[in-house]
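Taking our numbering, the leading residue of the sequence shown gets 1, the next gets one more, and so forth.
Derived by calculation from the structure, the hints in this document are not laboratory data.
Do not take every clue at face value.
Okay, derived cross-link-like pairs now, DSS-like style, lysine-lysine, Cα gap no bigger than 30 Å in a straight line [to be verified]:
(1) Lys152 / Lys18
(2) Lys152 / Lys87
(3) Lys97 / Lys81
(4) Lys80 / Lys97
(5) Lys97 / Lys152
(6) Lys18 / Lys97
Label pairs and their in silico Cβ distance ranges [claimed, not checked]:
(7) Pro64 / Thr2: 50 to 58 Å
(8) Met147 / Lys81: 31 to 39 Å
(9) Asp56 / Asp151: 18 to 26 Å
(10) Ser117 / Arg88: 16 to 24 Å
(11) Lys18 / Asp95: 30 to 38 Å
(12) Tyr113 / Ser30: 15 to 23 Å
Just so you know, even glycine gets a beta-carbon here, dropped at the ideal spot from N, CA and C.
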Amino acid sequence: MTAESVFEQVLPNVVAAKSNELFALARKSSLWTLSFGLACCAIEMMSTHMSHHDIDRFGIVTWPSPRQSDVMIVAGTVVKKMADPIKRLYEQMPDPKWVIAMGACATNGGPYYRSYSVVMGVDHLIPVDVYVPGCPPRPEALMYGIMELQDKISSDAKNRENLINDKQLNNGN
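From just these sequences and the hints, can you work out the full model?
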């Protein structure tokens, strides 16, 4: 057997990919979520993990510890007393980390936006990557939001590669 014939047999089974795209594929396919259910949206969030919707098929696993979680899902009304715990849990999450704001209350205060004790959206406390609208949003809406987050993770990896290439080109001039 010659080297050329071995190369021809192996070549169709070789996949050429950039490491950051492979990491993004692994990250988006195995997201561990820290569920932060604060109100009625939490019931819908729990429903997505039940057998009818079964979000586990997308590789989404609910994890109780922020130190091993990739995604924080804030579902429900964020009151000012919960602001510090939300920030603290977010800071304990390792990088890269993402946040999903689920429901009208987590997005902008919802029907309680004029209340003295309600934060006008979790994005005033921590950066939010995906907003899931609704009051409360259906489980399908949360699943769509997670798929949007997975697309964002993939596109961020490609954009990061483009930024690195642009910096290298600019340094060469």
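Hint-by-hint comparison with the structure:
no., hint, result
1, Lys152 / Lys18, "17 Å, holds"
2, Lys152 / Lys87, "23 Å, holds"
3, Lys97 / Lys81, "23 Å, holds"
4, Lys80 / Lys97, "23 Å, holds"
5, Lys97 / Lys152, "12 Å, holds"
6, Lys18 / Lys97, "21 Å, holds"
7, Pro64 / Thr2: 50 to 58 Å, "57 Å, holds"
8, Met147 / Lys81: 31 to 39 Å, "33 Å, holds"
9, Asp56 / Asp151: 18 to 26 Å, "19 Å, holds"
10, Ser117 / Arg88: 16 to 24 Å, "19 Å, holds"
11, Lys18 / Asp95: 30 to 38 Å, "19 Å, violated"
12, Tyr113 / Ser30: 15 to 23 Å, "36 Å, violated"
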